Amino acid sequence: MNAPLLDVRNVTMRFGGIVANRNVSFSVARGSVTALIGPNGAGKTTMFNCITGFYRASEGQILLNGPAGQQDIGTLITRPVTGGSHLVTRAGIARTFQNIRLFKEMSVVENLLVAQHLVTANNLVSGVFRTPAFRRAEREAVDRAYHWLGEMNLIDDANRLAGELPYGRQRRLEIARAMCTGPRLICLDEPAAGLNPSETHELSEVIQRLCKQHGQTVLVIEHDMGLVMRISDHVVVLDHGEVISDGRPEHVANDPAVIAAYLGVSEEEVEA
Amino acid sequence: METNRILTLAKQALLTFTVSLILFAPISGLVLEGFGFRNELVRAVLLAALVAVGRVVLSVVGMTALGRKLAGSAARNGGGVIVMTGNEKSPVLILALLFAAGLALPFFADKYFLGIAILALIYCLLGLGLNIVVGLAGLLDLGFVAFYAVGAYLLALGYQYLGIGFWSALIIAPFLAGLCGMILAFPVLKMHGDYLAIVTLGFGEIIRLVLNNWLEFTGGPNGASVPPPTVLGLEFTRTAKQGGVPLHDYFGIAYSADYKFWFIYLVLFLVVCLVIYAVERLRVMPLGRMWEALREDEIACRSLGVNHVFTKLTAFMLGASTGGLAGVFFAVHQGFVNPTSFTFFESALILAIVVLGGLGSTVGVIAAALVLTILPELLRDFAEYRVLIFGVLMVAMMIWKPRGLVRVRRPAFFPSTAPRGDTAPLSVSPEVAR
Ligand SMILES: Nc1ncnc2c1ncn2[C@@H]1O[C@H](COP(=O)(O)OP(=O)(O)OP(=O)(O)O)[C@@H](O)[C@H]1O
Ligand SMILES: [Mg+2]
Chain A
1 MNAPLLDVRN VTMRFGGIVA NRNVSFSVAR GSVTALIGPN GAGKTTMFNC ITGFYRASEG
61 QILLNGPAGQ QDIGTLITRP VTGGSHLVTR AGIARTFQNI RLFKEMSVVE NLLVAQHLVT
121 ANNLVSGVFR TPAFRRAERE AVDRAYHWLG EMNLIDDANR LAGELPYGRQ RRLEIARAMC
181 TGPRLICLDE PAAGLNPSET HELSEVIQRL CKQHGQTVLV IEHDMGLVMR ISDHVVVLDH
241 GEVISDGRPE HVANDPAVIA AYLGVSEEEV EA
Chain B
1001 METNRILTLA KQALLTFTVS LILFAPISGL VLEGFGFRNE LVRAVLLAAL VAVGRVVLSV
1061 VGMTALGRKL AGSAARNGGG VIVMTGNEKS PVLILALLFA AGLALPFFAD KYFLGIAILA
1121 LIYCLLGLGL NIVVGLAGLL DLGFVAFYAV GAYLLALGYQ YLGIGFWSAL IIAPFLAGLC
1181 GMILAFPVLK MHGDYLAIVT LGFGEIIRLV LNNWLEFTGG PNGASVPPPT VLGLEFTRTA
1241 KQGGVPLHDY FGIAYSADYK FWFIYLVLFL VVCLVIYAVE RLRVMPLGRM WEALREDEIA
1301 CRSLGVNHVF TKLTAFMLGA STGGLAGVFF AVHQGFVNPT SFTFFESALI LAIVVLGGLG
1361 STVGVIAAAL VLTILPELLR DFAEYRVLIF GVLMVAMMIW KPRGLVRVRR PAFFPSTAPR
1421 GDTAPLSVSP EVAR
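Line by line, the protein sequences give chains A and B. Under our numbering, the first residue of the first sequence is numbered 1, with each subsequent residue one higher. Under our numbering, the first residue of the second sequence is numbered 1001, with each subsequent residue one higher.
Hints were generated in silico from the structure; no laboratory data involved. Computed from a predicted model, the values in this text were never measured in an experiment. Any given hint might turn out to be false.
Covered stretches of chain B, as calculated for chain A (at least 3 residues, CB under 8 Å) [as the list claims (entries may be wrong)]:
| # | region |
| --- | --- |
| 1 | 1081-1088 |
| 2 | 1273-1283 |
| 3 | 1303-1310 |
Glycine residues also receive a C-beta, built at the ideal position from the N, C-alpha and C atoms.
Taking the hints into account, I'd like the entire structure generated from these sequences.
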């Protein structure tokens, strides 16, 4: 059980001539909060897209250690005919997006029900005739949706259109939706972007609760350093697609290479 | 202030007049006569003046309080989707009344009206089928008529070559049409949505051309005849032709050609009711929800583990199946099929039904199907203007009601036990509030 949940090994991602990630390696320990930080354009979202199966990494391996043994994300998405990023989610990696992607014209509960399509009864016949099994599965799904709405403080908005919610709530709803897939690892792409300080504070409590109470492993991209230092157990810093620092938050905060990357100091000065 | 307003109006009128003059002058101001042309510019000027006056009247009405209220209410209805509260009254009574009225219709309607009713129901079926594809799953299908043709020709040719009757065709048609849909759509669904529109457009034309040109097999433009329906070995013809007993002999009543149409109407009506029920159920089932989620955001769907290709495929196949079903009824009602019934115009008409009905709203689609098939019959004298009226309707819809005539209402869901920290008397029913 000591093997890390996610193991990123020497991943390089190229778009034509652009190298968005070069030889990136890090690992995510079970039950921890790992933060991926770095200046704009450092390649954080690209790394996320590789991990969640939206891109196929040009080189390297991304391994997920689950009960089904070790699975390689790359082979999941290139499997013929049935392969695709949806298999990565089914293997246990859920994500949110930097620019919110909710089903805006569906109700909040429906957003969460779509996420549970693997546990509800999808059979056409059972649904049309409302068999007891269908009703039970549906009831459990609705209850689970309400459970996560409760965790995210969204109960009052359950039967509203997702697109009508205020921005901060949409962010939390996206996290709730990802949690409804029952993931082993949840990847949050800038969950605090656009939130005011009190909403950010609430968010940090939500993430900590996920981790402490539900044993959820979290990988988060974030620019808000206060939030990162408060919640994370482990920080990985990317700059120009490369890992420049990796370790505990205090270690990273005092790493001269990180300070240089953020403040734009030239390499020579750091060396000096 | 007043002079200012009058000045704006005058400016507007002048602009409208000029633009419409430019438009009308060549179209109705010049009349071709052999190789030369006659000048009828007065007519064009009159038309342009008419348009300008209309524009001014519209503006003046818009300035009054009443006009503003009207415009305001039109704009407010524009927001397309609402979530139900769970406290709506159940429409069971109205539905039961409608169902009874539908069943009783043949006993009141004359043969002509019954024919229109059958046609309207066929278009309902087509609209419901295409609504699954376009309205729910958001896939643009421009060749829906192909599946309609598959169903119709299945009965005609199946009878001719294999001796398939009405009932067998009714059961086989959805599967065959669904299979065609699958073969057609699977290769393109992996790609972006626009490709599907082009491929289906092509497929619709291919089917029509094949039917038209494969003389030995399909009968080409001469079409193929379709057997009249039978029920439990009873036939609706004057003398038995398919090895059964004529209905009127069996019951010892006088022969009437109407019985056949009564029968078709009743079966069709029941099938339409079943399809409506199934579609309404689909909207609160995981599959239907996934279709709508795919329409909203495909990338988010993939991030939730939805297999977008297979999910779209199911929508496409179910839509095609419904189209095939409609085809069987069309064939048996006409007693004869030929390729001219399956042109692109037909596809466009079905698409118009779905768009007018509000992309996803079942009630809207049914209403639109009834209106678009019954109205042209009532306005027989204006038959030539049918397409023009469609066009005007569509443009008007896109301006004032882009989300269709009927608002889409989303179901509300409640937990099986009242949520903690919330003492509001929530309905305890875990079932969907309908
Ligand atoms: N699909 C793509 N095609 C080509 N280049 C891309 C693509 N996606 C990302 N890039 C490039 O890769 C680099 C890294 O982008 P990425 O979105 O991963 O940055 P980021 O670290 O998430 O930045 P931010 O903090 O602004 O979100 C950028 O230079 C970007 O232009
Ligand atoms: Mg990013």
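Violations among the numbered hints, reported as their numbers in ascending order = Going through the list in order, the structure violates no hint and respects every one.
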